Amino acid sequence: MGDGFPILSVLVFLPLAGAVLIALLPGERVSWTAPLFRRVPGDAQTRAKWAALAVAVTTFVIALVLFVLLDRNDSGFQFTDEFLWVKAEDVGFDISYALGVDGLSMPLVLLTGLLTAVAVLVSWRVDLRPKEYFAWLLVLESAVLGVFMATDLIFFFLFWELELVPMFFLISVWGSGRASYSALKFVLFTFTGSAFMIVGFLVMGVAAGTFDMRLIQESALTAAVLPVPVIFAFVFLAFAVKLPVVPLHTWLPDAHTDAPTAVSVLLAGVLLKMGGYGILRLLFTLMPDTAGDADVALAIVGTVSIVYGAIITMRQTDLKRLVAYSSVSHMGFVLLGVSALGVVGMTGAAMQLVTHGLITGLLFVVVGMVYDRTHTREIGAMRGLMHHLPLLGAAMVFAGLAGMGLPALAGFVAEITVFLGAFGRHEPQTLVALVGVLLAAGYLLWALQRSFFGPRDDRWAHLEDIRYWWEVTAVGSLVALIVLLGVYPSVVMDVLEMGVEPIAEGIAAVHPDVRDSAGISLALGGGGP
Amino acid sequence: MLGDVNLLGPELVLMVVGGFLLVAEVFVHDRRVLVATAAAAVLGAIAYSAVLLVDGKAGRDAFDGVLVLDRFALFFQFLLGGIALAVIGASWETLARFPSRQGEYLALLLLSTAGLMLLAGTRDLIGIFVALELTALSQYVLVGLHKDRLSSEAGLKYLLLGAIASAVLLYGMAILLGLSGSTNLNAIAAYVAGSDSGVFEALVLSVVFFVVGFGFKAAVTPFQMWVPDVYQGGPTPIAAYLSVGSKAAAFAILIRVFVEAFGDDILSSHWSTIFAVLAALSMFLGNVLALRQSDIKRMLAYSSIAHAGTILIGLAAVTADGSASLGPGGILFYLAGYSVTNLTAFLVVIAFYNRIGSYQIDDYRGIGRRAPLLGALLAFSLLSLIGLPLTAGFFGKLYLFDAAIKSDLAWLAVVGVVNSVISAAYYLRPIKAMFVDESPDPGALPDRWAPDLPLGLTLAATTAGILVIGVSPSLLIDVADEAVSAIFV
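Protein sequence lines, in the order shown, are assigned to chains D and A.
Under this note's numbering, think of the first position of the first sequence as 98, with each following residue one higher.
Under this note's numbering, think of the first position of the second sequence as 1165, with each following residue one higher.
In case anyone wonders, no lab produced these hints; they're calculated from the structure.
Incorrect hints may appear among the rest.
Going by beta-carbon spacing under 7 Å, a handful of chain D positions derived as facing chain A [as the list claims (entries may be wrong)]:
#1 F288
#2 T289
#3 V303
#4 V322
#5 V325
All figures in this text were calculated on a predicted structure; none of them were measured in a lab.
Ideal placement from N, C-alpha and C gives every residue a C-beta, glycine not left out.
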């Protein structure tokens, strides 16, 4: 056990405990708990959603407090909580229950807490098997939080896999269209990636004699049964599927299109981030030498994702699918940023993880609200919405502008930092990637113009604008944060920079050329006013 | 001599009570009495094993090495005893379908279990063959006990193919006996170590025959043809029994023969390769064919072939220097985890069949809404078969893949994980049917789902097993490690 109160364990297991509580609320099949809840007003759905909201908000508040308390001068893992979980010295694998947060993971933990609360809010009207639905949402939160906080490879893998179970049910039961197909496709793609990842982990663990990610050194891996680049490739495959990277992205549009709104928010907002986080936390930290050698390949793959993703986004006629494909393009920036190997590029990549979570989260929230009202996602079929739904339209326009990287909004800061970091090292790729930014402006503006603007259409006259408190809270909190991070990014960026600094130092130690070309650590505090 | 008999106690208890049940069946028709007697016999055998263990008898030989009671044998006595108990618990409502043959069923189950225990606890070729035939003959009858077309066909198929496998095995034994002049594995090991290269081909031939004979029992490709038909045609509790009990004992004797008799360095590098190839074949064939099944018993049959392949990884990994016992240790661990997992799956399948009278996965649609707990248990066991974390299956696979990597067989670990992915595609189908799909005719689903008491208790125990091994595997890892270290001396 680490010293002090195991706050991270509380954080990870609080949503899970909430899920169990919700499952035990009296309902169709559970009657024996009914006497306990006689004084609690409301039906099963009301109780489930309020319980879920209470748990999600509490989790978020704990994460926020930790974010504030995080020591800004300590780049190691903080609030650590660990003990030996599986003791098997004789057969040679000891697995630890090990949690910790640092500058890189803390903002992502906070993002997970926020987006889960938003996801609960946008699910306020879910009435199909509500108890199960909210329980699975919270299980998903626990799994994602665990991924961001685990510091033992096998423990990390455990959460990485556990996330599949709630996602399978959330998409296939509460989804639309070909929901079961999409859910299975999502699970099989992710599972394929993680299957190779576990082989990579085992090979690393066997060679290094530990699964503790703080203790594994690349120098120890040279004795492994597989060459280090192969291990790198195996583990990268899992993250590349998750991020996703073209051509492993085909699960994403299906899963997004068929998932319910809240699940799309979490999928784009935090699940994709597990890929980017994993690249920084595991590949770049544990195998800095190989990561440095792979930089050009990573930059090219990232650029291809950016441009191909943007081009294919332009061809979409389904608004939700359009947002989904735009994620492929935006996640390419993460890869481009990390391939710069310096503090600036990596900070930009990490920032892109956070800002894309907020912006795409907002886009999916708004698209979900539009669909709930118009029952269509065809871009061409929703002309003139702006006249009848000014607030929703404004939110959509705001999200679109943020998505294309308008200055003073969060996306701009992340993308410009990525470019600053990458330009020195990968000039041609960065120039090509700039095309992706132009294309993003193109497809988002074009989509906005065809959907929200245009002549007044009386078909929409009866529709309600954003008016319920849960809608206002969900949209308002995301808008506020996108603005905040746009004008004062250092509140998050300083923390992220602290998190990536040791990673960049590790790479610079084995690749002395990096510092020269990528520039010495930029004073990112100056990113704000 | 009397001390020798003492060491045979657990098997004797089963055989005596089994014989008694065969006679008693004529007079006693009360199902409760018969089942309680059989269960008591198994509990008695387990208790006997426990007494022998506590008494410090572990490590003793008896009858000139025909019987050996080391920790390895004791591990399997407990495992097989637990499996037999679970199968008896699963059989309560199944027994009602052949009221006149209840005693016969239970008696054969006990005799077969005694045979399997003997198989894990013998160091002699004759002992192996006698134990194998004792269990096999009981099982042929058990499989055909329904006496309908499918069941009889399955029984006959099992008998014919089993006879061929036994014959091949005998051939292998004859070669060994002819070469070494002994039926004792230790004596054979000494002969193998000192043999000149002139007899090497004969030894390899004998190795191959042993692989065929035991591979049949363990349901390894390409000796798996009987599995789907036998699982589908035979009584379902017996299918469960074959999938875990026979498999466990077959791997026990595989480990003992190959480590103790054929453990020689040069020879083992040969059979290690054979096992690696068979492992990959079994995994691919089992999983790919399972993809197309619509009957859950046939699906589980192919899945058991795939798992036999996974377990073989442990034998392929046996030759690594320094950590030689890791692979077999992984096999023991995996067998325990697979047993509780597969039993759980079969128990729920039986519980469902007792209510809806079908093994079709399509008929499971909407069940999860009606019987959420049973459905959740089946889902949990299927996730464990995939190998998701926090289940017994996860650590089992982790252990075996770890052993493969330590033996420089990373490619086999990759084959293993790729197969886990393939298997997820079919293991998820019953889960989807139960919890995602709606029943096409909800009115046709019964209102009462609760299983009978013996099955319910057994299910609770096996589920707890999956969870305990999945959350806290350390104890079982130690026990398995200790058990295999008994044969690596």
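Problem - Hint check, V303 (chain D) versus chain A [nearest Cβ-Cβ separation less than 7 Å] - result: holds, 5 Å
Handout entry: Closest C-beta approach of V325 (chain D) to chain A relative to 7 Å, hint status
Key = Violated, about 13 Å.
Practice task
Report holds or violated for the interface hint on F288 (chain D), using the least CB-CB distance to chain A and a cut-off of 7 Å.
Solution key: Hint on F288 (chain D): holds, closest Cβ of chain A at ~5 Å, below 7 Å.
Practice task
Double-check V322 (chain D) for me: the hint is only fine if its C-beta lies closer than 7 Å to a C-beta in chain A.
Solution key: Holds - the Cβ of V322 (chain D) comes within 7 Å of chain A, reaching about 5 Å at its closest.
Handout entry: Supplied contact hint for T289 (chain D), tested at 7 Å Cβ to chain A
Key = Result: holds, 5 Å to nearest chain A Cβ.
In summary, the structure is inconsistent with hint 5 from the numbered list given earlier, while agreeing with all the others.
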